[in-house]
Structure formats: C-alpha cells, structure tokens
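Based on the provided sequences and hints, a complete structural model is requested.
Protein chains: 2
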Amino acid sequence: MALTKENVPETKVLAIASHVCYGFVGNTMATFVMQSLGCEVAAINTVHFSNHTGYCQVKGTKTSAEDIRNLYEGLTQSYLTDFDVLLSGYAPSAAAVEAVGDIAQDLQRRAEGKPGSFFWALDPVMGDLGRLYVAEDVVPAYKKAVRHADLILPNQFETETLSGIKIANTTDLANAITSIHKTYGVPHIIVTSVQLSSLGSSTPSGLMTVIGSTVRSDGTPRLFRVDIPALECNFNGTGDMFAALTVARLREAIFAAGPSLRNTKSWVSPDDVAPTDLPLAKSTEKVLSSMHSVLLKTMESREAELATTANTIDATGLTEEQLQFREHLRRTKAAEVRVIRNVDFLRKPTVVFKAQQWAE
Amino acid sequence: MALTKENVPETKVLAIASHVCYGFVGNTMATFVMQSLGCEVAAINTVHFSNHTGYCQVKGTKTSAEDIRNLYEGLTQSYLTDFDVLLSGYAPSAAAVEAVGDIAQDLQRRAEGKPGSFFWALDPVMGDLGRLYVAEDVVPAYKKAVRHADLILPNQFETETLSGIKIANTTDLANAITSIHKTYGVPHIIVTSVQLSSLGSSTPSGLMTVIGSTVRSDGTPRLFRVDIPALECNFNGTGDMFAALTVARLREAIFAAGPSLRNTKSWVSPDDVAPTDLPLAKSTEKVLSSMHSVLLKTMESREAELATTANTIDATGLTEEQLQFREHLRRTKAAEVRVIRNVDFLRKPTVVFKAQQWAE
Numbered sequence: 099m100a101l102t103k104e105n106v107p108e109t110k111v112l113a114i115a116s117h118v119c120y121g122f123v124g125n126t127m128a129t130f131v132m133q134s135l136g137c138e139v140a141a142i143n144t145v146h147f148s149n150h151t152g153y154c155q156v157k158g159t160k161t162s163a164e165d166i167r168n169l170y171e172g173l174t175q176s177y178l179t180d181f182d183v184l185l186s187g188y189a190p191s192a193a194a195v196e197a198v199g200d201i202a203q204d205l206q207r208r209a210e211g212k213p214g215s216f217f218w219a220l221d222p223v224m225g226d227l228g229r230l231y232v233a234e235d236v237v238p239a240y241k242k243a244v245r246h247a248d249l250i251l252p253n254q255f256e257t258e259t260l261s262g263i264k265i266a267n268t269t270d271l272a273n274a275i276t277s278i279h280k281t282y283g284v285p286h287i288i289v290t291s292v293q294l295s296s297l298g299s300s301t302p303s304g305l306m307t308v309i310g311s312t313v314r315s316d317g318t319p320r321l322f323r324v325d326i327p328a329l330e331c332n333f334n335g336t337g338d339m340f341a342a343l344t345v346a347r348l349r350e351a352i353f354a355a356g357p358s359l360r361n362t363k364s365w366v367s368p369d370d371v372a373p374t375d376l377p378l379a380k381s382t383e384k385v386l387s388s389m390h391s392v393l394l395k396t397m398e399s400r401e402a403e404l405a406t407t408a409n410t411i412d413a414t415g416l417t418e419e420q421l422q423f424r425e426h427l428r429r430t431k432a433a434e435v436r437v438i439r440n441v442d443f444l445r446k447p448t449v450v451f452k453a454q455q456w457a458e
Numbered sequence: 099m100a101l102t103k104e105n106v107p108e109t110k111v112l113a114i115a116s117h118v119c120y121g122f123v124g125n126t127m128a129t130f131v132m133q134s135l136g137c138e139v140a141a142i143n144t145v146h147f148s149n150h151t152g153y154c155q156v157k158g159t160k161t162s163a164e165d166i167r168n169l170y171e172g173l174t175q176s177y178l179t180d181f182d183v184l185l186s187g188y189a190p191s192a193a194a195v196e197a198v199g200d201i202a203q204d205l206q207r208r209a210e211g212k213p214g215s216f217f218w219a220l221d222p223v224m225g226d227l228g229r230l231y232v233a234e235d236v237v238p239a240y241k242k243a244v245r246h247a248d249l250i251l252p253n254q255f256e257t258e259t260l261s262g263i264k265i266a267n268t269t270d271l272a273n274a275i276t277s278i279h280k281t282y283g284v285p286h287i288i289v290t291s292v293q294l295s296s297l298g299s300s301t302p303s304g305l306m307t308v309i310g311s312t313v314r315s316d317g318t319p320r321l322f323r324v325d326i327p328a329l330e331c332n333f334n335g336t337g338d339m340f341a342a343l344t345v346a347r348l349r350e351a352i353f354a355a356g357p358s359l360r361n362t363k364s365w366v367s368p369d370d371v372a373p374t375d376l377p378l379a380k381s382t383e384k385v386l387s388s389m390h391s392v393l394l395k396t397m398e399s400r401e402a403e404l405a406t407t408a409n410t411i412d413a414t415g416l417t418e419e420q421l422q423f424r425e426h427l428r429r430t431k432a433a434e435v436r437v438i439r440n441v442d443f444l445r446k447p448t449v450v451f452k453a454q455q456w457a458e
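Protein sequence lines, in the order shown, are assigned to chains W and F. The number in the working numbering is simply the position in the first sequence, starting from 1, with 98 added. The number in the working numbering is simply the position in the second sequence, starting from 1, with 98 added.
A couple of the hints might just be wrong.
Pairs count within a copy or across copies, as identical chains cannot be separated in the list.
[Stated by the list, open to error] DSBU-like mimics (lysine-lysine), calculated; alpha carbons at most 35 Å apart, straight line: (1) Lys363 to Lys242; (2) Lys242 to Lys395; (3) Lys241 to Lys212; (4) Lys110 to Lys160; (5) Lys110 to Lys264; (6) Lys363 to Lys452.
FYI, nobody ran anything at the bench for these hints, they're computed from the structure. Since the model is a prediction, treat every value here as computed from it, not as a measurement.
Here it is as structure tokens:
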C-alpha cells in the first residue's frame with residue numbers, strides 16, 4: 099500500500115481562525131484541506147458559529163482574546179508547540195488580532211537559532227470589495243501584526259488598506275505590493291483574485307488573476323501572475339481554501355528546492371531565482387489547479403441540489419420578502435464548497451494553470 | 099481519476115462532542131475520521147480544550163447547554179438539518195446531555211414518515227475502569243437519553259452503569275446487554291474493549307474483545323464478538339475513533355444490504371439474519387481492522403518520537419516529581435494517535451479480524 103506519496107513533507111500547523119458547524123469556511127475549511135494533504139493541524143477556533151455569514155443569519159459565540167491566549171497557554175504548559183507553520187485567519191476583534199500576533203512572536207522566539215524552522219502565513223481578514231467588515235481598530239492591529247509575518251494573503255481591498263494605495267490600475271497594484279514588502283518587511287505576498295481587466299489591462303474579462311511576489315534582497319518584488327477562468331458563482335471559504343492549500347504546497351515546494359532554502363529565514367529564494375521559478379509561484383500553480391477542479395465539481399453538485407430542492411419551499415403565509423430570503427438560504431446552502439468528496443483534486447492536482455512573469 | 103470508490107455512501111453527520119486543539123480525541127478525532135471516509139460532518143463542539151485530559155492538565159472552556167441549543171437553532175433557522183446520522187459523545191454536564199437528547203428528538207421528528215432516514219449513534223461517555231468521570235447527575239440524564247438512541251457504544255463500566263448489572267463473568271455481560279435492549283429499547287449495542295479473560299472466559303489474556311448485538315423482534319440479543327490483539331500502550335481517543343468509523347462503516351453495510359433495510363426503522367435486520375451476518379458485525383470487522391493498523395503505526399511513530407526526544411528535558415532545578423510529570427507529558431504526546439498519515443488504513447482496511455457468534 100503506497101501510504102504517503104500524495105502527502106506533502108511532514109508539517110505541523112497551528113491554525114487560528116473561525117469554526118462553523120455547517121459548511122466550509124475558516125478553520126473548518128482549512129483544517130480539512132491541510133489534513134487531507136498530510137499536515138497535522140492544531141486548531142484554535144476564533145468563533146464558534148452555526149454557519150458562515152453568507153447565509154445572512156448566524157448563531158453562536160466569538161472567542162475572546164483572553165480565551166485564545168488561554169488555549170495557547172494550554173499548549174505551551176504541556177510542551178505542545180512544535181509547529182512548523184502558523185496559519186492565521188479571521189480574528190473577531192483588535193484584541194484577538196493582537197493575541198494572534200503575540201502567539202506568532204512567541205513561536206518565532208522558540209524557533210530562534212533555527213532559521214526556516216517556523217513560518218507564519220497571515221491572512222489579514224479585514225474586508226472585501228471596498229468595504230471593511232471588521233471593527234475599525236482591527237486595521238491598525240493588523241498593520242502591527244503584518245510586520246512579523248512571512249507571508250500574507252490579502253485580497254485587493256486588503257492590499258489597498260495595508261499599503262494605503264488606492265488601486266485604480268495595474269501600476270498601482272504593483273506599487274502597492276512593493277510598498278507592502280518595504281513598509282512591513284513581509285517577504286512573501288499573494289494578492290488573491292484580482293480582476294485585471296477592471297484595472298485597464300488587456301486581460302480578458304472572463305479571467306481572474308492571482309498576483310504573487312517574493313522579495314529580492316534589495317527590497318524589489320519578484321512579481322508573477324497566474325490566470326484562471328472566473329466562475330459564475332459566489333462561493334464562501336475560497337480564500338481559506340487558498341491559504342490552506344498554499345501552506346501545504348509552499349512547504350512542499352520549499353522542500354523540493356533542497357535543504358538550503360528550507361534552512362533560510364522566511365524561505366526567501368536567492369536573488370537569481372526568477373519570479374516564475376519561485377516556490378511561491380510553483381505552489382500557486384498547484385493550489386489554483388486544485389481549487390478550479392473542486393469549484394467546477396461544486397458547481398455541478400450545486401446544480402443537482404438546486405434541481406432536487408426546487409419547489410420544496412412552502413410559500414403559504416410567507417411574504418414576498420420572506421420567500422426571497424428562503425430562496426437565498428437554499429441557494430447559499432447549495433453553493434457550499436464540496437471538498438469532502440473531491441479530495442483527490444486536492445491531493446493530486448493536474449497543473450493546468452501556469453505562472454507567468456508579471457511586469458506592469 | 100477514481101474519485102469515490104473508497105468513500106462510503108453519501109452521509110451527512112451531525113457530530114456533537116469535544117474539541118481539542120492538539121491531538122486527536124472527541125470531535126477532533128471523529129470529524130477527520132468520518133470526513134476521510136467521505137462523510138459530510140457538521141461539528142458542534144461541547145468543549146474547547148487545548149489538549150485531552152490524558153496530559154493531566156488542560157486549558158480551555160466548556161460549552162454551556164444553552165450554547166449547544168443555540169448553535170442547533172442556528173442550523174434549524176437556516177434549514178441546515180438534512181442529517182442522516184447524529185453521532186454524540188462527551189457532553190460536559192447533565193444539562194448538555196439533555197440538550198443533545200432534545201436535538202436528537204427534534205431530528206427524529208423531522209424524519210418521521212421516512213423510516214431509516216435518520217439514525218442516532220450515542221456514545222454514553224460517563225466513565226471507565228470502575229470510575230465515573232462525569233458529575234453524578236449525568237447518569238440519569240443518559241438513562242433518559244439512551245431510550246431514543248438507535249445504537250449505543252458503552253465500555254464495560256458504562257454497560258454496568260446503564261444496566262445496573264455488575265459484570266463479574268461473561269454471563270453477566272450477556273445479561274447486561276439483554277437488559278439494555280429491553281429496558282431502554284436500544285436496537286444496537288456495541289460494548290467496546292472487554293477483556294474476556296478477566297471474566298473467566300478461556301480467551302487468551304493477550305486479546306481484547308468487542309461484543310455487539312442487534313436485537314431480534316422478540317427482544318432477544320443477537321450477540322457476536324470480534325477479538326483483536328491487545329496493544330501495550332495507553333492511547334486516548336480510540337473510543338471516538340471506533341464510534342466514528344462505526345458510523346461510516348455501518349452506513350456502508352446497511353446500503354450493501356439493499357434498500358429494504360435502509361428504509362427500516364433503526365436499520366434492524368430481519369430475524370433470520372444470523373449474528374455474524376449483521377451489518378453491525380460486518381462494520382465492526384472493518385472498523386477494528388482499520389484501528390489495529392493505525393494503532394500499530396502509531397506505536398512505531400511513538401517509539402521514533404520517544405527516541406528523538408530522549409534526554410531533551412532540562413532537569414535543572416526540577417524536583418523528582420516535576421521531572422516525572424515532564425516525562426509523562428512527553429510520553430502522552432508521543433502516543434497521540436497518528437490518523438493523518440495513516441488515512442489509507444482508514445479508507446482501505448484489509449479485514450483480518452472476523453466476527454464470531456458469541457453465546458455464553
């Protein structure tokens with residue numbers, strides 16, 4: 099029995115993000131995705147919600163910053179902190195972001211003298227599509243935390259928020275990434291899902307682009323892009339899937355590059371490595387290929403579920419508004435990402451999307 | 099790409115049990131195990147602990163009965179209750195056990211008119227080895243709840259507690275199972291890990307036995323046994339692994355038996371089905387074969403980890419007692435069950451342990 103060939107190198111991850119009972123976002127998504135690629139995952143859950151907020155109604159509780167710190171103390175007192183990677187996502191308050199930052203720095207201190215033995219991937223969850231969906235004091239908390247991260251995965255709005263640069267065209271986007279490298283000293287950046295056509299690029303409008311960069315020793319970015327077809331569906335949790343897959347695949351790519359890079363602080367490749375040869379670029383190719391397959395399968399399952407559940411809503415006594423909301427719930431449920439039964443696409447992606455150098 | 103051949107039939111599970119950040123017990127074990135066999139799992143976590151209690155120290159919080167009810171209300175208000183199975187484990191108070199019982203009965207009401215469309219597997223976590231480790235009022239709460247369950251998975255102590263029969267020999271054990279079938283109307287019972295040799299049986303002392311039964315229409319048990327070699331290691335979470343694997347494999351065996359059984363209340367086989375031909379017996383064979391392989395691999399990994407971490411404890415300034423506790427922590431960590439990298443043994447067990455009829 100071939101037991102490990104589809105696994106990434108042994109990786110112990112501390113994952114700090116939200117938990118939902120039903121569906122797949124936050125740690126509920128990230129834990130399964132990383133586990134299915136062979137990573138050991140310890141999860142500190144920052145919220146305990148019944149479902150994701152895309153349903154527009156939710157029940158449950160948020161974890162206080164104190165409880166987050168307390169759980170981490172539980173790990174340290176029993177010597178359970180042998181993590182290779184911290185992946186942090188949604189934190190429900192500025193104090194919670196600070197707690198996560200302190201945990202990251204504690205793990206960094208424990209790894210001192212062993213460069214490359216610990217890596218922090220930070221998803222600075224603040225908002226999307228021009229709108230902040232966290233409290234305003236979360237922004238300065240992230241601006242402090244990001245200085246200690248090895249990799250951040252902001253979307254376009256979060257890139258604007260961190261860089262202070264409003265992104266109206268592709269030059270702005272490149273400048274924002276350069277600025278984040280310089281201002282915060284973050285060595286790896288991936289800007290998830292940018293629509294370049296809306297930024298005046300000649301890229302066809304049916305494509306979404308992921309832009310990544312690993313900094314050079316002189317502070318300049320090494321920019322690459324990977325284009326994928328945009329899908330006509332509003333999924334939740336895809337950012338969390340992207341981040342989780344990136345942790346596993348980046349670690350795999352770093353190991354493939356040999357022991358020297360793995361023992362380098364923040365896994366920053368030598369300056370002569372071209373943008374498209376970066377481990378981050380290789381990892382992004384695999385990540386997006388996995389995701390595209392899983393999301394296509396999700397769309398198929400969604401169509402099937404919507405057909406099965408059509409006309410199942412009893413409209414008796416419902417107002418038009420109530421009926422529309424029931425329909426919204428039905429469609430949101432049908433669009434839950436189908437990771438469980440499509441795990442082979444996570445484990446064995448066929449790489450169809452390739453990284454290209456990006457210079458604007 | 100063969101995507102689904104290792105999956106059990108589509109199964110949506112609501113899992114209510116404890117969550118630990120580090121290691122594998124409760125829902126942290128059960129969720130991954132069921133997901134890896136292809137089940138969709140919605141998890142309501144009854145505690146949020148840093149680690150399992152085998153470490154003898156733990157930090158974290160317990161979920162109140164009110165919060166458990168509230169999370170379930172979150173699911174119902176968004177129509178997210180299409181569960182085929184409820185698997186319930188540790189609940190931290192009598193009120194929490196009652197909340198779980200109410201959730202089970204609500205799901206049963208929703209399934210009314212569709213026999214077999216919902217199944218409750220209940221692990222009545224109360225104690226072990228002659229000792230109660232929950233508050234005393236949890237016992238009557240379980241005695242009420244068990245009446246609504248389709249399958250229970252007590253250990254020997256819990257079997258004694260529920261039946262009121264002190265088990266000193268194999269006849270007592272058989273009587274206790276018969277009594278639980280009759281008193282509580284529970285159709286399926288599995289008593290996990292009994293040492294028959296200690297009950298005066300001629301079974302060699304190196305064997306552990308699982309005893310199961312599905313009731314006949316006249317209330318008599320159909321008893322079967324599966325023997326496995328006892329392992330010289332104290333693992334945590336094996337009961338949760340057993341329960342989670344049983345949910346998936348029982349469902350598979352029920353589907354294999356054809357549509358009639360699947361549409362029968364509580365999936366109780368016709369009286370002419372022999373004990374060793376019961377879906378519960380077939381499922382237990384697969385479950386124990388998976389578990390034995392995973393635990394053997396865990397013992398190998400444990401030895402390797404203990405060798406690597408030998409002499410890593412700095413004894414300076416530690417009392418003998420403190421040093422012993424550090425050693426306890428080191429050994430407990432090394433014995434965490436290695437499910438992640440041994441997932442193929444979960445997915446594709448080679449059945450080596452066979453069910454035998456058991457009549458004492």
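Here is what the structure says about each hint:
For a Cα distance limit of 35 Å, the shortest separation of lysine 363 from lysine 242 inside one copy, 20 Å, qualifies, whereas the shortest one across copies, 58 Å, does not. In this homomeric assembly, lysine 242 and lysine 395 never come within 35 Å of each other (Cα to Cα): the closest approach is 39 Å inside a single copy and 43 Å across copies. Proximity of lysine 241 and lysine 212 under a CA criterion of 35 Å is satisfied intra-copy only: 26 Å inside one chain copy versus 55 Å between copies. Taking identical chains as interchangeable, the C-alpha atoms of lysine 110 and lysine 160 lie at most 35 Å apart whether they share a chain (25 Å) or sit on different chains (26 Å).
Proximity of lysine 110 to lysine 264 under the C-alpha cut-off of 35 Å is found in neither arrangement, the shortest distances being 37 Å within a copy and 45 Å between copies. Taking the shortest Cα distances, lysine 363 and lysine 452 sit within 35 Å of each other inside one copy (27 Å), while across copies they are farther apart (53 Å).
Violated hints, in rising order: 2 and 5; the structure is consistent with all others.
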